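Chemist: One-letter residues, chain by chain:
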Amino acid sequence: MADPELPERPDLYVVARLLERLWRENRPMLKTRLQLAANVNYDVFTRYVSWMVGKGLVSMENSPDGHERVAMTPKGYEAYRRLVQWINEIVHNRFPEP
Amino acid sequence: MDRDIRPTLVLVVAFLVALGFFFWIFTAVEWLVALGLVSVPLALFAVVFLWRVRIGHVAAPPEQVLAAIAHGMRLGLYRVSEEPGELTIRVGSMSAVKVRARPALGGTDLTYTVYATPGGWSLLMVMFFLWELAVFTAPVTLFILMQVRAFVRERVLSYALPGGLPPAPAPSDVRAILIDSLSEGYRVASEAAEAEKSAYHDLLAFAFFLGFVAWGLVFIEALLSSAEVDFARRLQDSSLIALVAGTAVAVALGLGIRYVLRPRLRLLETWATRLREALAREAGGARPPEASPSAFELLSEASKEVPVWFAALRRGGMSREPGTWVAIFFAGIWGVTLLGLAVSLAGLVLIAIPAGAAGLGFLALAYLLYRGWQRRVEAERASVMASWDLRLSAIRAQMERFLQDL
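Protein sequence lines, in the order shown, are assigned to chains U and A.
The working numbering numbers the first residue of the first sequence as -3 and each following residue consecutively.
The working numbering numbers the first residue of the second sequence as 1075 and each following residue consecutively.
Treat the hints with caution; some may be incorrect.
[What the hints assert, rightly or not] Which stretches of chain A does chain U cover? Using the computed rule of at least three CB atoms under 8 Å from a CB of chain U, they are:
| id | stretch |
| --- | --- |
| 1 | 1239 to 1253 |
| 2 | 1368 to 1378 |
| 3 | 1465 to 1474 |
Source of the hints: derived by calculation from the structure; they are not laboratory data.
Computed from a prediction, not measured in an experiment: that's the story for all the values here.
The beta carbon of each residue, even a glycine, is placed where N, CA and C say it ideally should be.
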């Protein structure tokens, strides 16, 4: 992957969308499929995936078919769980302490 | 016999019996006896809604039992609200059930009581309030009872059977958290939509009432100021003018109310539908359509609307704050009645003037009560909205910081 400019302040929705797609798939996803499923353009996708790899949320896997796949790491799962848990508290009108 | 149609059959048969009783009571019985007879449905109501029925014993702590039942109900797309030690599950448009869990030797005792939705309570309340119709509460009460009993037998009883309690979802189970969030969002949004609809219909009824008041006032004015010598002709002309004026007032107010409230109602209904569809997908294990917003995004967007939903629930219309609205209703009715009395006794100035003044006073009281209620609701709404936005911004910043600090 090229050396794209990383997002300084990542958009919560984009990160959550990528993590959610990977969580639903429950296995590594082809980059192009993940990009389409997350509904972001290639540039944004590349920057976010690089950022997420750097943070250890996802990892890149080379398949025998020569295609690169994106996999969710346990840290990525935990990060997604925390985001979902936060939203759950908000919907229940139980705001967590800062 | 198909179990699903039993409550409806009971409703129809009980309604026909109630209809027979209704005519018998009000045609062949002294009114004092009639009053005594309508207390029978009240007794039935009390027994059905206060009786606590045992479901069974479960060998697990109450919190675990309630969490498992709540999760199971949410998977079945039922609306569940949780309070300490109990769940309220909406069974139908009128019926609900309260499932209670109390610690008992080595586990939990599960019981239930028949409950009603706000719509169900309103219907029963109105029929008891107009006491002549109280006899018709019996079919409704029996219908709710049958529906709740069938629901408990089919959906809840299995939890109390040996080995029937599924494990409560683990705190780390993302799918369970999403189902919980979507279900709660759907519950609050749909209840808010119902409350808004109730407020909308209440206001339309109020517009009709004001049209009636306008009709009365214009009729009086036209009758008194007419120079026509023929009294029958005077009555006819005044009625026609009053009818046009009353209709114009009712229609104009009705259109205004529709213009203001319809968009709000449609927005709430759209949110309820979106959340229900997402919940159904999540509960069914289906994948969302490609390139659609994630459940996280949907919930994030929904969370911005939550204070509006809570405000709609609080506002809720006359069926949700019956005390104030009964007072408004009575003040309005007395106002119109006394004004009518003043007109009919126009020749007796000593009676007509105080009666007219009292009538106007009652109408003013009805208006002041209404304005006070409306201001209170709007102030609450503004306060919730302001603090909610602040808290939501804080939590969003916290989430973004969490991602950056990873």
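Chemist: All hints, please: hold or fail.
Modeler: We went through each hint and held it up to the structure:
1. 1239 to 1253: holds (count 4)
2. 1368 to 1378: holds (count 8)
3. 1465 to 1474: holds (count 8)
Going through the hint list in order, the structure satisfies each hint without exception.
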